[in-house]
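Here is how the chains run, residue by residue.
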Amino acid sequence: MPTYTLKINGVEQNVEASADTPLLWILRDNLDLVGTKYGCGIGQCGSCTVHVDGTATRSCLLQVSQIEGKDITTIEGLSKEGELHPVQEAWKEVDVPQCGYCQAGQIMTASAFLDKNANPSEKDISNAMHGNICRCSAYKRIQEAVVLAAEKMDA
Amino acid sequence: MSSLLPSTFSRRSFLRTSSLAGGGMLIGFNLFTACKPKVEMPIDISKLNFKDFNAFIKIAANGMVTLYSPNPEIGQGVKTSMPMLIAEELDVPWSHVHVEQGALDTTNFTRQVAGGSNSLKTAWVPLRQTGATARQMLVNAAAVRWGVDASECTAKQGVITNAKGETLGYGDVVKEAALLEVPENVGLKAPEDFTIIGKDASNVDITEIITGKPLFGLDYKAEGMVYASVLRPPSFGQSLETVDDTIARGKDGVIDVIRFGDKVAVLAKTTWQSMKGKEALIAEWKTETTLESTEFHDKKMLALLDGKDFQTLRSDGDVKKAFKEADKVVERTYESPFLPHNCMEPMNFYANVTAERIHLVGPVQTPAWTATRVAKLLERDEEDVHLEMTRMGGGFGRRLYGDFALEAAEISSLAKKPVKVVFSREDDMLAGTYRPAIKYRIKAAIKDGKISGYHLKEAAINGNMYGLIPNFFPAGTVDNYQVDVANYKSNITTGAWRAPYTNFLAFAEQNFLDEIAEIMEIDPVQMRLDMLQKVKGTTDERIKYSAERMEDVINLVVEKSGFKNPKEGISQGFCAYYCHNTHVAEVADVVMENGIPLIKKVTVAVDCGVVVNPLGALNQIEGGVIDGVGHAMYGDFTFHDGVSDAKNFDRYRLIRMGEAPKVETHFVKNTLAPTGLGEPTLPPAGAAIAIAIKKATGHRLYKQPFIRNMEPKEIIG
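Just so you know, the protein sequences line up as chains Z and D, in that order. According to the working numbering, the first sequence is numbered sequentially starting from 1. According to the working numbering, the second sequence is numbered sequentially starting from 1001.
Next up, chain Z with everything else stripped away, as it sits in the complex:
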């Protein structure tokens, strides 16, 4: 099996895997970064969202052979030096999660979106978050937390 050098959360790591292995499973099984969740494997639910060069991307659809040289951030790398990211802070303040399983993906989508859109409308938010399913339907709190995070990031 070939070896790939991946830059994950600022650290270069070598992984041995077949070329078609999705980044999702590299993170979870090879690198023990299990915060990125498996939900559907076909890019429909958003549970596996990570940042690739700052853009929210479904890691279940991204093959390991496509991502060498890219800067990948996972939920484990979102908070820097023990400080929560403003989106995580907002999630905490609003007390968003019920079961919590989809929340890492929701947070990764929201944080990449807010980096590019500092003052989103309600419609912008629901469009940006449309790809992330919350089976517990905590959508109203997710929405509220994105608004709060936008305020925090703007401040």
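Hints are computed from structural coordinates only; laboratory data are not their basis. Quick caveat, the model's predicted, so the values are computed rather than measured. C-beta: ideal position from N, C-alpha, C; glycine also. It cannot be assumed that every hint is accurate.
As the list claims (entries may be wrong) - For the chain D half of the interface with chain Z, some residues (derived, Cβ under 8 Å), not all of them:
1) Thr1211
2) Pro1214
3) Ser1293
4) Phe1296
5) Gly1623
6) Ala1646
7) Asp1650
The hints should help you fit chain D onto chain Z, whose structure is shown.
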């Protein structure tokens, strides 16, 4: 005042205490039963014995309180709300309380309860009693230290004060308190004195969740563990004839291929490799029983409704006579599909079966039942089974069934390796234990402007409504009343799905009552209020809903939603329901935009008794309503030749953010014992939106999902 003599434990005591080796006091207790007479309390915190106790409280020498509970969290927040009950009566600041899931691996977790809408209701008195008893022991210890009577001392916020104004912290007296006799019949606080109950408390696991810590079953790993993907019969009704695993065995990372029964497991070093290995299996299947389709089920259920072969679950008066004497008879049929649970975390389980023991770890709602079945399957002693529960990425009923744990145990036993079975999303949707498809036919007799007869027939796949459901509202409000059920035994597996039976029954009945009110040209709210009069003071013990509490939620929702005077352009749908011990009324607001109905808002009035944690309660209520809206609108799960048409989220539509209505919640304020919130707000939501859509479009809905059965065909939340 209680005796302060050094203890011999009361045989009836529901809690025990010990001094911890590392300092502090440990209290072990049983939520539903007295402690066994001979059970010993540990003095080492790493040896908590969850087999004989439900939970433990540690009060450290610095006054900090840790609650160790093995109860799993499905997402209803009981891991936060139940400790609040203890902390309230113990009278410690909530910020001094830390909640931990019981230590893994050293303990036996198989005797635990796993959540549900009943959790808070059943725990309400016992958990507060535990906290109050512990507080009294600390007070008694302080009184001994001071040489005063305990009745002269008070405890508040972790500090004990005597008549002279001297104080001692809880931590200061834990050592002595642990040696005292457990007092009995300690009084509880009056609701107006609550300082923790009724205040917002954040989810105790919030930081771990938002930073991606390994909490869930799918995240669990163990030394030497391999992953297993399981090939199961593609259709309900098929079994495995032969399998050729030559190609699969040659795939990267594949370690072994194991056939067990009608299934084949591919074991590999990683999840992806096991999934690819499974795809490479070449299997031949034989058809043993009928391969069923939705059309077939529809015919069977309609034939049952047209037939005479029913079991009667409730019968009052004489419905036949009522229909004969009626001014008008109305009959309608309501239809719902199967529904998969689609927990976001697909089914998975870890098993390591060795000669010494059977170690199981994962997300399951029924640990005791699962452990028993695993022991039976492997012909082992139940004492060998050690089952640990992880946090669950949703349950909705699916994780009651434990089939995934049995698979893991069987594979591990055959492979002689620690194994983690992981369902792909397709496996999860295709090998489900679905909400059964159901049809209701309801017939009402109208005489002199009133409902004089009501006859409900249920035709369901596999199983019918059970328990007290046939006695829910409107049972008791109509003199001539009958509930009949029949079912068709299918080879498609079915089971509990969030708010079993009521999740569709509420839609059928409430939608029907709305149409009756329309036909009688009376106000649908007034009709409900009039019907409820007959239930007041009922002596029928099967009627568990309260007419007064139902009136409260109805009046509250009408007031808060502006139902009597809706704003221009808003069509409102009203319904009131009781299930899972909680009374709920909902009003949905629908507006037409470009000829398409949009669900803007749902106003909810809830009577769940004391609201223990408003922050968590609101989350449950909003989630329940939106889940109810989503499945009524989009939940579409049809079968062809024993296999579902939808296999993943590309074909199975779940509600998304832009489609979710605003949910505005109002609580009836009272001091009655709390009831659950995980389920009761879901069932009425489908009815409320259907009734609002009828007002907006003129088109009444009888069949779910609405998206496939409405005019115009488009709808946006």
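Hints, one by one, checked against the model:
no.: 1; hint: Thr1211; in the structure: holds (6 Å)
no.: 2; hint: Pro1214; in the structure: holds (5 Å)
no.: 3; hint: Ser1293; in the structure: violated (25 Å)
no.: 4; hint: Phe1296; in the structure: violated (29 Å)
no.: 5; hint: Gly1623; in the structure: holds (4 Å)
no.: 6; hint: Ala1646; in the structure: violated (11 Å)
no.: 7; hint: Asp1650; in the structure: holds (6 Å)
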